[in-house]
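Visitor: Residue strings, one per chain:
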Amino acid sequence: MTATVTKDARPEASAPTQLTMAGALNAALRDAMDADDRVIVYGEDVGPLGGVFRITDGLQAEFGEERIWDSPLAESGIIGTAIGMAMYGMRPVVEMQFDAFSYPAFEQMVSHVAKMRNRTKGRVTLPMVVRIPCAGAIGGVEHHSDSSESYWASTPGLTVVMPSNPADAYSMLREAIDSDDPVVFMEPKSRYWSKAPIALPVTTAPMDRAEVVRTGDDVTLLAYGPTVRTALEAADAAEHEGLSIEVVDLRTLSPFDDETVGASVRKTSRAAVIHEAAQFGGYGAEVAARVTERNFHHLAAPVLRIAGFDIPYPSPKLEEHQLPTPDRILAALDTWEWDA
Amino acid sequence: MTATVTKDARPEASAPTQLTMAGALNAALRDAMDADDRVIVYGEDVGPLGGVFRITDGLQAEFGEERIWDSPLAESGIIGTAIGMAMYGMRPVVEMQFDAFSYPAFEQMVSHVAKMRNRTKGRVTLPMVVRIPCAGAIGGVEHHSDSSESYWASTPGLTVVMPSNPADAYSMLREAIDSDDPVVFMEPKSRYWSKAPIALPVTTAPMDRAEVVRTGDDVTLLAYGPTVRTALEAADAAEHEGLSIEVVDLRTLSPFDDETVGASVRKTSRAAVIHEAAQFGGYGAEVAARVTERNFHHLAAPVLRIAGFDIPYPSPKLEEHQLPTPDRILAALDTWEWDA
Amino acid sequence: MSHDGTMSLNVEHAPTRTLPSEKPLRLLDNAGHAVTGHTTGGFSLPDTETLLGLYRKMVVARRFDVQVTALTKQGRLATYPSAYGQEACEIGAVASLDRADWLFPTYRDSIALLTRGIAPADILQSFRGDWHNGYDQHEFRAAAQATPLATQALHAVGLAHAARLRRDPIVALTFLGDGATSEGDAHEAFNFAAVWQTPTVFIVQNNQFAISVPLEKQTRAATLADKAVGYGMPGFHVDGNDVAAMYAITHAAVERARAGGGPTLIEGVTYRIEPHTNSDDPSRYRAARDVEHWKRRDPIERLEKYLVSEGALTETLRAEITDEAEGLAAATREVMTAEAELDPLELFDHVYARPRAALAAQRAALAAELAAAGTHQEDAR
Amino acid sequence: MSHDGTMSLNVEHAPTRTLPSEKPLRLLDNAGHAVTGHTTGGFSLPDTETLLGLYRKMVVARRFDVQVTALTKQGRLATYPSAYGQEACEIGAVASLDRADWLFPTYRDSIALLTRGIAPADILQSFRGDWHNGYDQHEFRAAAQATPLATQALHAVGLAHAARLRRDPIVALTFLGDGATSEGDAHEAFNFAAVWQTPTVFIVQNNQFAISVPLEKQTRAATLADKAVGYGMPGFHVDGNDVAAMYAITHAAVERARAGGGPTLIEGVTYRIEPHTNSDDPSRYRAARDVEHWKRRDPIERLEKYLVSEGALTETLRAEITDEAEGLAAATREVMTAEAELDPLELFDHVYARPRAALAAQRAALAAELAAAGTHQEDAR
Ligand SMILES: Cc1ncc(C[n+]2csc(CCOP(=O)(O)OP(=O)(O)O)c2C)c(N)n1
Ligand SMILES: Cc1ncc(C[n+]2csc(CCOP(=O)(O)OP(=O)(O)O)c2C)c(N)n1
Ligand SMILES: [Mg+2]
Ligand SMILES: [Mg+2]
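Protein chains in written order, with this note's numbering: chain A, 1 to 340; chain B, 1 to 340; chain C, 1 to 381; chain D, 1 to 381.
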């Protein structure tokens, strides 16, 4: 393979500006492509359209069709060819348009992406990133609001991350692209347009760390992606009622940061995990199970799961009932003395 | 649609004979096909070969190629066409050759099989059964020993069952075929040749009930499919050491029988869940989480998960290390005072 | 069916092994003149009555489509994928079906469902965001509009095969987009249909785009119909803006399928005039003049010219059809402006046929929540 | 590559739009006579030296295959899918590659890996049950033997496209079975390769069976090569027991791909003489006389007859080749009889590049378990 250009230095830091998560992701892709010409981007509609969520906006004009292009419409094809490209030494960053449209690629993800490195005793690594605009709450019609994270997180060999804010979105996407492991990079669609002041390039905590984003004494809320904001809102509201809530942004679903979460839970002795996905077999089950395993004698109550009902994701006019809201969180905290 | 033949009566009961699980499944298919001509069977190699595990042995000779036939080699095609057949009024029973070879059908399973009834407010039901010879411990080479149950069980809309013995295999397969809901019917390959005396047709507990298969006072082992025998062996061994173990065969993974399990756990105040699949995000996480939620104040220790390591399933010569064994169960029970 | 009317499951033809005409087959040219010669592929122009019927359906469908697009812009629908300009494909294909035949549509094919007799409010229930599917599939023999691309093609094959096993002489017709032909499921559907010789007709509506991605990034085949030979089934490359050709060729395929002759792949070459959906911005990926070019190839105008030149489309008839179309548009406005009553508790009622205790508990929890918020009558169950 | 040796990414050909010859192309008939006329497809017989080289490789590969089947029956391997009878496809195809080209094989293609220079013990590591893949993929430019059908074809397309983006004039060749062509991934691979014009060569080894399922239940196409036209790529229908044809046609496809001419689909018609694997029972689904029929079409004997008739295969040479084959067989017996040393703790070491605390803890738990059982030295880490 011919030599590649890898610029060592990241672009110099700029003054903080208000940036949406969509903008941060776009900047991360641009900077990563600029820094390393092995980074290539493809998928459905990522070229001239800039992606249905405009995350790749302007990139084809800037980098040309050999660095970012529209593929045929076939997700298994996208992931399967990305495997081959990564084997060659590229760092493909591919997009699945919605969670549910990654399912045609399930076999390539589980039987190859997750297993390649182990199969070859580390001789073949797959440095690739699979971006998935994820979850619901955007009024999407059927099949546009699934939460697929538990499928990926329960597959050994995959690294699964989900940023909740623009700074993490930038930093974690850069880190995911630099990683030698394949990363499922889940982007909570409903938070694409949420803003924060950031100076780019920003480096936040490493991809495998959870973060305490609000300190509190009485309860730990474990949230990720779209539910971090919900948890923070609940915490603000609870403060008025004299309840002090700590919020941990899990950030990375696989691996799980037992240390940060454990420290918080041992402090508050109560934890609830919050996600949009259906409760049964959802990612919260793993969180509840492992937090309990490791901190049983510190817990005053069972780990609470505040999650979607065990039903297919509802149509737009009914989705509000499926989503965890600050009210639902507070109500659940109120009735915490179960089965005593 | 033209009239169909549905024989009401099941064949008369025979005298008990030693039957393998493979034999019981074969008999169930035969009896179901005999009782209802809407029952059709297809998949890869199910015809003249009788399936790679011989579960459909002799059925094509008996029922002809319009009732049971070999399809082209494409799993999404198999599930997708079965959906159409079920819409027409058939009761297709299709085979995925191994867990990992069901992955190409993942989109059809999750986006259609699981959702059809809900989408149509019950106007379209899909009475179909997807048989999956599952899990490991048969010395299979790569991709032949995955445990896929958590993918299915965490998908709302699917019913997921896994018998552990010949009688349940027969009874539950008949029930699954009769069910108006789509059923993922998982068959633990390593138990295909285990025998029990049964008089056919046998009717065991309904598909949504767990069963206490051994009573005990000190600990409840929650097992399913291949690990039921392992749990029973552990219980026998523990008895010599004065530990009284209750074993619950979960039988059905979705829905979960909270009642039976809860009663057992409240009696013993300790529970461990045992499965072959990797621990992280495995089905045991849901079991641990919900048993804890519902019985927290009855538990003397956290629900223990005795499961596979968080690695891709090993090659044949190393698989023994991945599998829960009676020894590993007993050792885990020995060191139960964690994190106190 | 064989001569004596019974259907054999073992029709043994030599596999079809010719390539479709590279020039799309057509029976009416863009000026509305009947075409002769080999571009007709040997098919003949349907009679005037049939064409008038198709014309009426297309006009009504167009008016409906325009109305729904307008309602969507007003925020009455969550989304609407328009089929403006694709009426010849949609109507030509679906009009060739019998009442007992099945249709497997995509999100794009609302007007085909309309033509099939389904009420606007029921078709649009999903796009309005009320529920995922709003019509009785068995009553209308029309499956839910599929979103996961190409997946429905397999359902059509399965249903057709089941019917065949029952000697029930129905046909299943499914629509696919040009983009959807790239999916693995399209391939598997073509192959299962051909191997099993199911009575399935595949209509590929090649409207040149998959959202923003043009055909040349989707395939390198000379025509999408060229794929048929690789499955041993007949393929037709058709002018998809010529409803006469779409109808004649689909009808022949449907009857061939009904007679046990197996599946057919028909590519209708057309154009998506509107954005992919209301949330799309086509200015990013195509030139307005391309759209103008295709607007000058309008399928309704083409047929209208022919019918007028034949003296078949009188002013009275035209007025009658306009009235019908406007009536439908008004009715659509009305139902889509009224809010549907939705019961959130129904979310739990259809997930499984067999009731689940855990789900009943979740239902009760939501009921309590709604009652506490005062937004819902406490549930009686 | 263009005339000046640089590769253009925008080679614009008219899409290929002809059907392959229905009669398989061949250069040598079953009696070992050189063929002339149109069944050669315009390809010419490779020179004698090349044919001798192919002969040697086939004889060695056959001996290896027979040896491994025997070892499997003795229980030294967990499973072994034999390619007995398919040597012309396997060797003809793989011998046409350069050292720098990549091979994407299936479980069936061990002898292709052998021909590529990989040591028997490394090829067989997975079938012996030691580890999932035993050779250095980058060193030999050979991917792991794929079990999930047709999935590797996409890897071949991706790798080829990456190389093309780098102006690296290599080719990726992948094998597929007849059964695997039914999978969605085969379709997606063909399509991506054609649209992107990647330097990929697809060799469909049509050995007539997918485990027990015969070709006619897999496709209704006249030939599997007929699929190519639906992707706008050239397709060749070849006598897969004629190594001369397989080599000549694959070589042409490889060089065309290398020059920027895009992918090719080659179907080699052959036969699986052995059971699918050792655990299969072919008596359930095929007649012994069919196998006998195909044994009389043995690819090695065919070439041998030709080479003998040409006076190229001397007794000395034959003896030398036999020696080489026997030497390899003996070496294979030897390495496969020795037990490999396996470290269970390695199970944790390659799952991720970035270490994980939870996995380290599980590793430690297993280490402790092994130490307690006395079967393993306590781990130093
Ligand atoms: C499996 C899958 N992948 C992606 C999508 C997202 N998506 C919806 S429509 C569309 C384009 C489809 O194009 P085409 O098949 O040509 O149909 P058209 O919209 O032009 O009618 C895409 C990519 C989807 N619905 N399903
Ligand atoms: C996706 C997938 N489905 C099913 C299987 C199980 N399986 C292994 S080999 C085989 C038959 C393959 O036939 P073919 O492609 O003709 O290759 P051959 O074995 O004849 O070389 C099947 C069904 C698999 N490996 N992968
Ligand atoms: Mg389109
Ligand atoms: Mg084969």
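Source of the hints: derived by calculation from the structure; they are not laboratory data. Note that beta-carbon positions come from the ideal geometry of N, C-alpha and C, so glycine has one too. A portion of the hints provided could be inaccurate.
Claimed, not checked - List of simulated lysine-lysine pairs, DSS-like, C-alpha gap at most 25 Å: (1) K295(D) <-> K23(D); (2) K305(C) <-> K23(C); (3) K305(C) <-> K295(C); (4) K295(D) <-> K73(D); (5) K121(B) <-> K317(A); (6) K73(C) <-> K317(A); (7) K73(C) <-> K305(C); (8) K23(C) <-> K295(C); (9) K121(A) <-> K317(B); (10) K305(D) <-> K295(D); (11) K73(D) <-> K317(B).
As the list claims (entries may be wrong) - Away from chain D, derived, C-beta distances all over 10 Å, residues of chain C: (12) T48; (13) D168; (14) A186; (15) N191; (16) G230; (17) G232; (18) R284; (19) R296.
Visitor: Indicate, hint by hint, whether the structure satisfies it.
Guide: Taking the hints in turn, this is what the structure says about them:
{"no.": "1", "hint": "K295(D) <-> K23(D)", "result": "20 Å, holds"}
{"no.": "2", "hint": "K305(C) <-> K23(C)", "result": "22 Å, holds"}
{"no.": "3", "hint": "K305(C) <-> K295(C)", "result": "15 Å, holds"}
{"no.": "4", "hint": "K295(D) <-> K73(D)", "result": "21 Å, holds"}
{"no.": "5", "hint": "K121(B) <-> K317(A)", "result": "16 Å, holds"}
{"no.": "6", "hint": "K73(C) <-> K317(A)", "result": "17 Å, holds"}
{"no.": "7", "hint": "K73(C) <-> K305(C)", "result": "31 Å, violated"}
{"no.": "8", "hint": "K23(C) <-> K295(C)", "result": "20 Å, holds"}
{"no.": "9", "hint": "K121(A) <-> K317(B)", "result": "16 Å, holds"}
{"no.": "10", "hint": "K305(D) <-> K295(D)", "result": "15 Å, holds"}
{"no.": "11", "hint": "K73(D) <-> K317(B)", "result": "17 Å, holds"}
{"no.": "12", "hint": "T48", "result": "37 Å, holds"}
{"no.": "13", "hint": "D168", "result": "22 Å, holds"}
{"no.": "14", "hint": "A186", "result": "8 Å, violated"}
{"no.": "15", "hint": "N191", "result": "6 Å, violated"}
{"no.": "16", "hint": "G230", "result": "3 Å, violated"}
{"no.": "17", "hint": "G232", "result": "3 Å, violated"}
{"no.": "18", "hint": "R284", "result": "21 Å, holds"}
{"no.": "19", "hint": "R296", "result": "27 Å, holds"}
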